[in-house]
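Undergrad: Below are the chains, spelled out letter by letter.
4 protein chains.
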Amino acid sequence: MSPEPAATPHPPRRTYSYLGPAGTFTEAALGQVPEARDQIWRPVRNVGEALADVVEMRADAAMIAIENSVDGGVSTAQDALATMPGLRIVGEYLVPVNFVLVARPGVRLEDVELVAAHPVAYAQCLQWLSAHLPEHAHLPAASNVASAVGIVDGISDADAAIAPPGILDHYDLELLAKGIGDNPNAVTRFVLVSRTAPSPAPTGADKTSLIVELPEEYPGALLELLEQFATRGINLSLLASRPIGDALGRYRFVIDADGHVQDERMADALLGLRRFSPKVIYLGSYPRADRQIVRYPERYSDDVFIEARDWLRGLISGEPEA
Amino acid sequence: MSPEPAATPHPPRRTYSYLGPAGTFTEAALGQVPEARDQIWRPVRNVGEALADVVEMRADAAMIAIENSVDGGVSTAQDALATMPGLRIVGEYLVPVNFVLVARPGVRLEDVELVAAHPVAYAQCLQWLSAHLPEHAHLPAASNVASAVGIVDGISDADAAIAPPGILDHYDLELLAKGIGDNPNAVTRFVLVSRTAPSPAPTGADKTSLIVELPEEYPGALLELLEQFATRGINLSLLASRPIGDALGRYRFVIDADGHVQDERMADALLGLRRFSPKVIYLGSYPRADRQIVRYPERYSDDVFIEARDWLRGLISGEPEA
Amino acid sequence: MSPEPAATPHPPRRTYSYLGPAGTFTEAALGQVPEARDQIWRPVRNVGEALADVVEMRADAAMIAIENSVDGGVSTAQDALATMPGLRIVGEYLVPVNFVLVARPGVRLEDVELVAAHPVAYAQCLQWLSAHLPEHAHLPAASNVASAVGIVDGISDADAAIAPPGILDHYDLELLAKGIGDNPNAVTRFVLVSRTAPSPAPTGADKTSLIVELPEEYPGALLELLEQFATRGINLSLLASRPIGDALGRYRFVIDADGHVQDERMADALLGLRRFSPKVIYLGSYPRADRQIVRYPERYSDDVFIEARDWLRGLISGEPEA
Amino acid sequence: MSPEPAATPHPPRRTYSYLGPAGTFTEAALGQVPEARDQIWRPVRNVGEALADVVEMRADAAMIAIENSVDGGVSTAQDALATMPGLRIVGEYLVPVNFVLVARPGVRLEDVELVAAHPVAYAQCLQWLSAHLPEHAHLPAASNVASAVGIVDGISDADAAIAPPGILDHYDLELLAKGIGDNPNAVTRFVLVSRTAPSPAPTGADKTSLIVELPEEYPGALLELLEQFATRGINLSLLASRPIGDALGRYRFVIDADGHVQDERMADALLGLRRFSPKVIYLGSYPRADRQIVRYPERYSDDVFIEARDWLRGLISGEPEA
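Sequences listed follow chains H, U, Z and R, in order.
Taking UniProt numbering, the leading residue of the first sequence gets 1, the next gets one more, and so forth.
Taking UniProt numbering, the leading residue of the second sequence gets 1, the next gets one more, and so forth.
Taking UniProt numbering, the leading residue of the third sequence gets 1, the next gets one more, and so forth.
Taking UniProt numbering, the leading residue of the fourth sequence gets 1, the next gets one more, and so forth.
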């Protein structure tokens with residue numbers, strides 16, 4: 001990780017925008033990207049800035065939270081992807097929502113009276129705090145990192161701060177407790193977004209992200225949309241309606257589908273979607289964070305699609321059957 | 001029409017098999033085929049012989065009844081098309097089921113006591129006979145033509161015969177009454193069958209005939225079959241289940257779908273069928289007898305299919321959107 | 001079996017109309033009906049007469065061929081059921097299409113030169129005749145029974161006749177050969193039709209017959225019709241389109257569905273059909289001829305329907321869940 | 001509105017829990033409930049506490065944000081409704097996300113240097129702040145109300161606070177600017193939740209909220225779920241997948257459907273859902289906040305359902321048709 005520019009001019013380094021400052025969960029997600037190592041990491045204040053950096057060429061890619069975020073902004077991110085052209089998701093990353101309680105060196109847990117914390121993070125650690133620091137008071141912080149930085153800088157009166165574990169990589173802080181979030185299984189899903197480019201090659205464990213508007217609002221339109229996937233044996237791992245906002249009762253759907261655009265069944269489903277809907281936004285095909293191999297009925301394999309095309313070609317040419 | 005072989009060797013004449021003898025409704029259907037004029041017409045005894053003539057190269061094409069036949073054999077014809085490989089339907093023809101009462105010259109209607117008729121034709125003229133010849137008796141005939149030929153030859157005791165109108169083109173007979181069938185709207189549908197060959201070019205008023213086996217018997221399998229058409233805006237004009245006969249509860253479906261295999265939506269539906277079913281028999285795309293232009297929602301036009309493919313190609317290549 | 005009226009006046013005997021005369025396949029079907037024993041059997045000339053007998057109270061029930069008939073008239077039967085109100089199918093019977101060759105006592109197979117046969121039956125025995133009587137000639141008969149009766153009466157010149165096996169129960173004839181039909185598995189399906197009445201009680205091996213018109217012709221209307229069955233786990237054993245005849249492109253569908261109207265899933269499907277279509281004709285629920293128990297996924301059992309209704313009632317009443 | 005207990009003992013007053021303190025958007029939603037006037041309003045710290053108050057009888061109802069909340073906690077609310085039994089949504093309320101900038105009396109906009117704000121609200125006013133207070137600094141606050149309370153109490157160094165408009169009803173503060181949020185159309189959707197009870201009577205403009213688990217994960221299961229609505233002409237205004245969390249790839253769906261459980265088509269859809277899914281949570285039918293009359297095809301009206309039931313009853317009884 002290197003927030004400062006590289007000394008050598010060649011090759012030119014790439015820039016990655018992310019919700020900063022250093023130490024956020026988003027930075028932890030970026031830390032999972034091998035290609036981002038030793039490149040320029042550009043902290044920004046929100047998802048809109050991160051995506052605008054990409055579109056306006058200030059960054060090569062942006063890491064943004066897309067599901068279950070504790071840093072906020074998920075529906076903002078979905079709406080931005082639906083309305084900003086020229087973007088492509090190229091990777092997915094999962095970060096456990098795993099808070100730590102940190103303090104200046106020398107401070108002990110029993111000394112803690114005032115806890116700095118972003119209000120959302122604070123709400124997620126209430127059970128632990130009630131059990132272990134029943135007498136504490138809360139000092140609101142502007143972000144999950146600002147809570148700890150205030151302590152380091154000495155500008156905060158807090159005795160301890162709630163922060164992501166990554167904070168310990170950046171600041172000289174003492175770990176008082178870890179895993180203090182009330183939900184030990186909470187995970188935030190992030191995606192890495194670049195400008196439009198060919199998708200990464202299929203790995204067998206891929207996901208395709210789409211945003212699709214219904215052609216018109218009638219009972220059954222949604223069904224017709226989803227049939228495009230079901231009739232090709234494609235499972236969805238995310239489906240969410242979002243009001244489009246231009247007229248009452250108009251919706252777009254945010255969709256993650258199992259598989260890659262280079263899989264025959266996915267390509268065929270995309271053709272069907274495009275014919276069905278006035279607006280299909282292809283956000284990209286990319287490896288799933290969980291590396292789970294996509295399973296599907298044999299009748300939807302590439303071979304079956306290719307064989308069917310050969311068969312049709314034979315029919316049309318009028319060759320006698322073999 | 002020329003039942004006898006042609007004298008000139010060039011060009012070689014084509015042979016058409018049909019349910020004979022001359023004068024049947026099937027011959028009337030063949031009379032609608034411009035290309036069959038001045039070629040060899042080969043009368044046979046049943047559908048099986050007609051199709052075998054084609055497969056075994058004794059004929060170039062066969063005319064067979066496929067729906068509402070009064071000459072019989074429709075389900076035999078469907079089953080034969082399902083099991084004999086190497087055949088292709090190339091045309092469709094409609095013949096009104098329009099019986100005449102004929103007699104030797106000089107015979108008057110009031111003289112008629114014994115009426116020769118194929119039993120099926122006889123049953124279809126019962127109302128007319130009861131009204132106009134209440135005292136008549138029935139002499140069964142082997143076919144709709146044999147009834148009249150017996151009179152001409154003098155080997156039949158009948159005073160009159162029920163026959164198709166075409167009989168008057170072949171024999172010196174007197175027309176006693178026409179349109180004597182009980183159902184004035186009855187029409188038999190015929191198809192012209194050749195060996196496998198490229199289908200006639202699309203006319204905009206085409207039909208595609210298929211026989212499809214369900215992959216396995218479960219509630220919903222039929223639905224999935226029909227979705228292949230519905231999700232491409234394709235109407236069906238014929239749908240009939242036929243037990244396959246190899247195991248209880250296994251069916252094949254005889255299908256006529258509006259459109260031509262060279263229409264994008266039909267080609268796409270055939271690909272879907274082929275992937276869905278272990279056995280799809282393409283019997284051919286050919287002009288509809290009624291010349292009715294096929295109508296379909298604009299979203300299933302060729303343009304939309306082509307545009308969607310271009311769009312997908314752009315996506316995969318990673319080009320920025322226009 | 002008793003074609004003549006019974007001597008005792010009490011209880012009043014029931015009348016069954018069937019395609020006669022005695023000896024037809026239809027009579028064989030009627031012979032399978034235990035309740036018809038010792039009742040009045042009324043031979044008629046065609047399906048229309050048989051059904052009219054029921055509607056106009058001349059008969060209590062009629063036996064008619066409904067699938068794969070060699071006596072003809074299947075589509076006539078379907079159309080009649082679609083248009084004559086007040087009828088109900090109460091039973092299903094299967095009769096093998098099993099022809100015999102019969103002659104006057106003393107005649108030997110090698111003596112046979114002229115064979116009397118209904119033309120349709122004759123066509124179905126051609127292979128056997130070619131193999132065993134290659135030199136024979138055909139004398140057309142008006143029906144499968146008339147062929148044999150002519151021999152018995154001496155008014156026919158034929159040496160032998162093709163007839164159903166039942167002929168031997170009625171006439172003093174010698175069996176020259178049996179099983180002479182070309183397709184040893186051919187079976188005709190018959191139904192027994194009464195006036196509207198409660199359906200026979202469910203047996204677990206039942207069938208429900210329906211005729212349904214599509215509400216309007218659009219791609220997908222048929223699909224919606226069939227979904228009514230598929231979404232309740234109901235299999236179809238017969239599905240056939242029939243043009244209605246009142247306007248181009250309008251169809252009705254002849255349907256046999258597995259199950260009984262008193263099965264919850266079938267009742268629910270009928271409700272769905274009725275809401276969907278302007279015209280649903282319920283022809284009846286009755287035991288299947290093959291006594292095959294109807295199988296369906298557990299989630300469509302009566303229990304599940306009843307439980308769901310209880311659950312909904314609880315919801316609406318606002319009772320806390322158990 | 002009356003945070004203090006009522007003086008008169010009769011009738012007993014009802015208690016409403018809401019995300020406090022006084023002045024939040026949630027309180028503004030509660031202000032829209034006529035029945036809540038002059039009752040006890042109980043401020044709590046999060047959605048979990050609010051719903052627990054209802055279940056454990058400390059409150060009669062709770063107001064919670066369910067969509068587009070700026071106070072946070074939407075997915076928490078959805079998950080809580082999915083897992084806490086005994087709850088029922090009885091009303092829906094919309095509150096514009098409409099921030100104000102407030103200060104102690106006498107402070108002028110040009111004097112403001114330090115702005116107290118909950119970090120999420122702060123992020124939503126960034127554009128306005130950049131334009132009007134480019135030199136300001138941010139003082140994080142624990143909530144949208146705490147920001148302003150700190151100013152009133154004098155314990156905050158901030159010159160001004162970002163807060164909901166409702167703050168002005170509770171505290172002696174000066175309005176420096178209103179409508180300062182970056183998205184002028186932002187609206188938060190709230191629902192009022194009681195213990196299980198009969199739903200409010202249908203108004204014609206109703207909504208039914210459900211949470212449904214898929215029975216098992218297979219392509220097409222979701223489709224089958226949604227067919228339950230589409231085949232009864234029911235539109236959805238919200239559909240969102242949520243991972244159940246007990247096993248990979250298992251989902252529940254949060255659904256808002258147009259109509260009331262006492263509408264025939266909705267009752268029928270609920271029956272279908274219950275038969276389809278192992279777990280259907282009915283959260284309630286209640287008037288839509290936007291009072292938009294629900295429209296649906298005539299064929300799904302109550303009359304059609306009732307007529308179909310009468311028809312079926314007639315069929316089963318075997319009465320001749322009228």
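Think of the hints as simulated: they come from the structure by calculation, not from any bench.
Some hints here could point you the wrong way.
Heads up, the list lumps identical chains together, so a pair's fine if it works in one copy or across two of them.
Straight-line Cα separation of at most 20 Å, SDA-like style, residue types lysine to any residue; simulated pairs [unchecked claim]:
{"id": "1", "residue 1": "K279", "residue 2": "I155"}
{"id": "2", "residue 1": "K178", "residue 2": "L114"}
{"id": "3", "residue 1": "K279", "residue 2": "W311"}
{"id": "4", "residue 1": "K178", "residue 2": "A22"}
{"id": "5", "residue 1": "K178", "residue 2": "G318"}
{"id": "6", "residue 1": "K279", "residue 2": "I211"}
This structure is a prediction, so every number in the text was calculated from the model and none was measured.
Undergrad: Next, verify each hint and record whether it holds.
TA: Structure-based check of each hint:
no.	hint	verdict
1	K279 x I155	neither (50 Å within a copy, 52 Å between copies)
2	K178 x L114	within (18 Å within a copy, 33 Å between copies)
3	K279 x W311	between (32 Å within a copy, 12 Å between copies)
4	K178 x A22	within (19 Å within a copy, 34 Å between copies)
5	K178 x G318	neither (71 Å within a copy, 43 Å between copies)
6	K279 x I211	within (8 Å within a copy, 29 Å between copies)
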